[in-house]
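J.: Since chain A is already given, all that's left is putting chain B on it; use the hints.
Chain order of the listed sequences is A and B.
Read in order, the letters of the first sequence correspond to residues 1 to 221 in my numbering.
Read in order, the letters of the second sequence correspond to residues 1 to 230 in my numbering.
Hints are supplied without guarantee of correctness; some may be wrong.
[Claimed, not checked] From the structure, some residues in chain B lie toward chain A, with a derived Cβ separation under 8 Å:
(1) Val59
(2) Lys63
(3) Ile65
(4) Thr78
(5) Ser91
(6) Ala94
(7) Arg97
(8) Phe98
(9) Lys135
(10) Pro180
(11) Val181
[To be verified] Here are the computed lysine to any residue pairs in the SDA-like style, where the Cα-Cα straight-line distance is at most 20 Å:
(12) A:Lys93 <-> B:Asp76
(13) B:Lys106 <-> A:Gln105
(14) A:Lys54 <-> B:Lys135
(15) A:Lys134 <-> B:Gln47
(16) A:Lys63 <-> B:Leu86
(17) A:Lys143 <-> A:Ala126
Just so you know, the hints here were simulated from the structure itself, not pulled from any lab data.
Keep in mind the model is a prediction, meaning the values are calculated, not measured.
All C-beta atoms in this analysis are idealised placements derived from N, C-alpha and C, irrespective of residue type, glycine included.
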Amino acid sequence: MANEVVLLNFQPSPYATRVRIALAEKGVEYERKEEDVFNIKSELLLKMNPIHQKVPVLIHNQKPICESLIIVEYIDEVWNHHSPLLPSDLYQKAHARFWANFIDQKIFPIGSKLWTSPSDEAKKAAKELVENFKTLEQELGEKPYFGGDNFSFIDLALIAFSSFFHSFETLGNFSMEAECPKIVEWANRCLERESVSQSLFDKFQTHEAVLGIKKMLGLDS
Amino acid sequence: MANEKVKLHGFWVSPFANRVKWALKLKGIEYEYMEEDVWNKSNLLIQLNPVYKKVPVLVHNGKVILESFLILEYIDETWNQNPLLLPQDPSQRALTRFWAKFAEEKIFEAAFNALCSHGDEQKKAVQLTMEAMEKIEGELKGKQQFFGGESIGYLDIILGWISYMLPVFEEVGSVQILDPVKFPATIAWSNRFLNHPVIKDTLPPKEKMLVYFQERRHIISCANLGWIKF
Chain A
1 MANEVVLLNF
11 QPSPYATRVR
21 IALAEKGVEY
31 ERKEEDVFNI
41 KSELLLKMNP
51 IHQKVPVLIH
61 NQKPICESLI
71 IVEYIDEVWN
81 HHSPLLPSDL
91 YQKAHARFWA
101 NFIDQKIFPI
111 GSKLWTSPSD
121 EAKKAAKELV
131 ENFKTLEQEL
141 GEKPYFGGDN
151 FSFIDLALIA
161 FSSFFHSFET
171 LGNFSMEAEC
181 PKIVEWANRC
191 LERESVSQSL
201 FDKFQTHEAV
211 LGIKKMLGLD
221 S
Chain B
1 MANEKVKLHG
11 FWVSPFANRV
21 KWALKLKGIE
31 YEYMEEDVWN
41 KSNLLIQLNP
51 VYKKVPVLVH
61 NGKVILESFL
71 ILEYIDETWN
81 QNPLLLPQDP
91 SQRALTRFWA
101 KFAEEKIFEA
111 AFNALCSHGD
121 EQKKAVQLTM
131 EAMEKIEGEL
141 KGKQQFFGGE
151 SIGYLDIILG
161 WISYMLPVFE
171 EVGSVQILDP
181 VKFPATIAWS
191 NRFLNHPVIK
201 DTLPPKEKML
211 VYFQERRHII
221 SCANLGWIKF
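Bound-form chain B, shown alone:
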């Protein structure tokens, strides 16, 4: 599998693109990274992903793979050396996929809403995020180091944004979600994840993220209040 051409199109702050970076690094796969400006999309990005025009895009020997979840599975199946990201047992694999889907739909979306909203709407978004996180907290109890066991796996990668991006959402949105009393297992997992050698060197700078998400919150708030029409 050496010398195969692997290219990742990403955006510096995209948690979805970061997932793919982590998977490639964990597997020791050499790749070329192309930064895309998602607010000023290149013709190339539109050509590679005409349906959604989004990052990440993985190009492997000319073949285009889209959607972070699917790219992770593709990487795990194509480079099936250790560490294996997904369990081998079909029912365990189904359960892992289930939790990934749940987390994306119920935690990430709600947390992003909490970042961008105000007042009652924000309170509701925080509540929904925390309710969903309680389920994940339950899953983490009794786990060794990570969802994947001794080493980082698929679910750790999918949920990894919680460790470094959720605190930024909290600060920008002036909310608390990661309550240490309610989520001790999640916070412990988060610290282990952040300290992993592959993870800690691939995080976007916190200050830069704060500025970026402050701007996103402002723009989305203005749009919701009808001040800006896209």
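One chain only, chain A, in its complex shape:
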């Protein structure tokens, strides 16, 4: 059976980054189709993700899979010959999914308020964001990765947002090194992996885009 893998991608999207990292970890060959998400969405995207009309979408042998963490789990299940992303132990698996969900709810949705909300709300968001990073730091503990000795699901879920750490710090007026040094150390360790360094969007270009959004929303202070 032909193994046709297509990724509907937007390079700066942290959600698409997660999928790119997962595919790289598994050594999957795929075709990348770049979507112009702020302008015109392609017919293929509208067909493959009619509900949300968002990237990333993985199309495997013509079947679409949507939502970044659902896609990552799918990739792990289908290409299960090496580099497991989720633990095989069922309790550890539930634990990994729990923290990935926490990251989904408590990092980017809060952090993006720093450039999409007025100053009062943004200040509150900065405080909450720091608390959430500290919670994650506690979960990481002394382990090299969230998954233990190996890079896995939780690490993948979070590292995709590291392109935004610079923007979080600058707009939130805090230092991640000061507030959660272990997270910074962990991020640098992850960046040593080719799958990660090749997939992450540049942090300065990310910051430019973030400032552009802030300006467009009329939130320039």
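T.: Quick look at chain B alone, frame taken from chain A:
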């Protein structure tokens, strides 16, 4: 797997805790139930779920599993006898997870907003709920008995609150969402679900739910109007 210690911490009206009860009963798993008062949280609950301090919490042989979606997957994988709640095929499984996430984010949250709001805000919440439900209605057309096929599956359990709790939201909020003209498949599914032997004996009493949600609507309305500061 017999004689393994399974404990569920729940709250009588929590639709999330009810999901776990259904899954345990469907699989024939014996468990101990602990009622938690979520408005006066026990130290134990805070210890078990320090991040969110919420129910449901499943404790299996001392291991703590949180979040109803994740508990359902854990139950299905650990007790992998019939009925299987999730499909075996990875792409079908991904699709099931997709719909569950969609339903939780777009239907439940909007419906709860419809319960607690007034005027234009409520109209908008009702509209959003119905728009999302149209997608689910589309998914149900052509299905046999349930989303899971002949038997109740993961998606039926996740959406099960629609069958018994949404009518309560409608009554308390004085709105109509489950329009029989717009949602014939959903209503038919809902009736089948409610009549399932495992489901019908595990529902909270309707009168008690009405009182509870009337109070929630009142408290949340007062808070929104600035009368009560939490």
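J.: None of the hints should be skipped; say for each whether it holds.
T.: Hint by hint, here is what the structure shows:
no.: 1; hint: Val59; verdict: violated, 11 Å
no.: 2; hint: Lys63; verdict: holds, 5 Å
no.: 3; hint: Ile65; verdict: holds, 5 Å
no.: 4; hint: Thr78; verdict: holds, 5 Å
no.: 5; hint: Ser91; verdict: holds, 5 Å
no.: 6; hint: Ala94; verdict: holds, 5 Å
no.: 7; hint: Arg97; verdict: holds, 5 Å
no.: 8; hint: Phe98; verdict: holds, 6 Å
no.: 9; hint: Lys135; verdict: holds, 6 Å
no.: 10; hint: Pro180; verdict: violated, 24 Å
no.: 11; hint: Val181; verdict: violated, 23 Å
no.: 12; hint: A:Lys93 <-> B:Asp76; verdict: holds, 13 Å
no.: 13; hint: B:Lys106 <-> A:Gln105; verdict: holds, 15 Å
no.: 14; hint: A:Lys54 <-> B:Lys135; verdict: holds, 17 Å
no.: 15; hint: A:Lys134 <-> B:Gln47; verdict: holds, 18 Å
no.: 16; hint: A:Lys63 <-> B:Leu86; verdict: holds, 18 Å
no.: 17; hint: A:Lys143 <-> A:Ala126; verdict: violated, 26 Å
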